[in-house]
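Work the whole structure out from these sequences, hints included.
Here the working numbering is used: the first residue of the sequence shown is 12, the next is one more, and so on.
These are computed hints drawn from the structure, not numbers from a lab. Please note: incorrect hints may appear among the correct ones.
[Stated by the list, open to error] Taking CB as the label site, the calculated pair distances span: (1) Ala252 x Arg204: 14 to 20 Å; (2) Pro120 x Glu193: 36 to 42 Å; (3) Glu190 x Ala121: 50 to 56 Å; (4) Val17 x Val248: 43 to 49 Å; (5) Ala191 x Pro120: 46 to 52 Å; (6) Ala41 x Asp20: 21 to 27 Å; (7) Ala89 x Glu268: 22 to 28 Å; (8) Pro175 x Ala130: 46 to 52 Å; (9) Asp210 x Gly122: 27 to 33 Å; (10) Ala130 x Ala191: 48 to 54 Å; (11) Glu249 x Glu149: 27 to 33 Å; (12) Glu205 x Ala130: 53 to 59 Å.
From the three backbone atoms N, C-alpha and C, an ideal C-beta is built for every residue, glycine too.
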Amino acid sequence: MLVRTVSIDAPVRTVAAAARHTRTVLTGFAAFRPAPVPPVGELLVPGDGLELCSGGARDSARGSFAVRRADERGVLLARPHDARCRSAEFEVALTGSAAGTSMTVTARPAGDPGGAELARLEEVLDGYPVAVREITAEWCGRPVVVAAAIVDEGRLLAQQRRRPARHAGGWELPGGRVEAGETEAAAVVRECREELAVDVRVLRGFGTDVPVAADGGMLLRAYLASLRDRSAAPRPVEHRAVRWVGVARLPELEWLETDRLLVDSMRSALEGAAR
Numbered sequence: 012m013l014v015r016t017v018s019i020d021a022p023v024r025t026v027a028a029a030a031r032h033t034r035t036v037l038t039g040f041a042a043f044r045p046a047p048v049p050p051v052g053e054l055l056v057p058g059d060g061l062e063l064c065s066g067g068a069r070d071s072a073r074g075s076f077a078v079r080r081a082d083e084r085g086v087l088l089a090r091p092h093d094a095r096c097r098s099a100e101f102e103v104a105l106t107g108s109a110a111g112t113s114m115t116v117t118a119r120p121a122g123d124p125g126g127a128e129l130a131r132l133e134e135v136l137d138g139y140p141v142a143v144r145e146i147t148a149e150w151c152g153r154p155v156v157v158a159a160a161i162v163d164e165g166r167l168l169a170q171q172r173r174r175p176a177r178h179a180g181g182w183e184l185p186g187g188r189v190e191a192g193e194t195e196a197a198a199v200v201r202e203c204r205e206e207l208a209v210d211v212r213v214l215r216g217f218g219t220d221v222p223v224a225a226d227g228g229m230l231l232r233a234y235l236a237s238l239r240d241r242s243a244a245p246r247p248v249e250h251r252a253v254r255w256v257g258v259a260r261l262p263e264l265e266w267l268e269t270d271r272l273l274v275d276s277m278r279s280a281l282e283g284a285a286r
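Right, dumping it as structure tokens:
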């Protein structure tokens, strides 16, 4: 087992987003010439697969891995469920503090790796934190957009876009930009009042940040919330429709791409709120 621990002066949710960014993997695992299988989105999500190709066809098979976790706790790149695959397993563990984020990257080789393979693993342990730092530095100055996952009795509230045309019919969490002098929690409350005509109580943050390309680049940051008055009926003030969705139905909605990257974290947050 090989381990590296570094400190990054940035919020853990931003570092976590950089750690699951496709560019981080392509850069950090450069020694293995990574290739998505099939092509993946901007952020890795559980179920994605990649091949780390260090040589011929045999090495390609040994380098396959599957994304088992990609959230605010870190990233787990595990061996696929294939007895023939002898790839290493990589884990990124994140811990937040007032000073920033501590990131520990662990490589667990399969069997007894030779010198060349150990050298490649060392390159990953050195290169991955550098790639995370670079992307985190790019994002830290971006304006923040908040999203609210309003939960009630094991269900989450989603809203369907009416406009613009390219997003019409897609589903998303309510939310919007944080205004000057406004806290993120206050922005969640205001946006829910404007978009749904209800007052909410902000519970906690969940998931990683999600980069948004619009207007030169922003960061979407999600919060778990509840209705202050459970008898209140959210209504689509600016949208086409609203819907309460249970855990099992979350993947069935046609989420807008940015929100789709949070579905796994939505599921975990919803299950946690129900306990």
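* Beta-carbon spacing of Asp210 to Gly122 - inside the hinted bounds 27 to 33 Å or not -> Roughly 58 Å apart at Cβ, these two residues miss the hinted range, so it is violated.
* To do: Starting from the range 50 to 56 Å, see whether the pair Glu190 and Ala121 falls in it by beta-carbon distance.
  => Between Glu190 and Ala121, where Cβ atoms are some 51 Å apart, the hint holds.
* Kindly confirm whether 48 to 54 Å is satisfied by the beta carbon distance between Ala130 and Ala191. => 50 Å, holds
* Evaluate the given range 14 to 20 Å for the C-beta pair formed by Ala252 and Arg204. => 19 Å, holds
* To do: State, for the Cβ atoms of Glu205 and Ala130, whether the hinted interval 53 to 59 Å holds or is violated.
  => 56 Å, holds
* Asked: Is the distance from the Cβ of Val17 to the Cβ of Val248 consistent with 43 to 49 Å?
  -> The hint (43 to 49 Å, Cβ to Cβ) holds, given that Val17 and Val248 are roughly 45 Å apart.
* Using the C-beta atoms of Ala41 and Asp20, is the stated range 21 to 27 Å upheld? -> 25 Å, holds
* **C-beta pair Ala89, Glu268: status relative to the range 22 to 28 Å that was hinted** => 25 Å, holds
* Quick one: are Pro175 and Ala130 within 46 to 52 Å, going by C-beta? -> Given range 46 to 52 Å: holds, Cβ gap about 50 Å.
* To do: Starting from the range 46 to 52 Å, see whether the pair Ala191 and Pro120 falls in it by beta-carbon distance.
  => 50 Å, holds
* Note whether the CB distance of Glu249 and Glu149 lies within 27 to 33 Å or breaks it. => 31 Å, holds
* Asked: Is the hinted range of 36 to 42 Å satisfied by the C-beta distance from Pro120 to Glu193?
  -> 49 Å, violated
The structure fails to meet hints 2, 9 from the earlier list, while all remaining hints are met.
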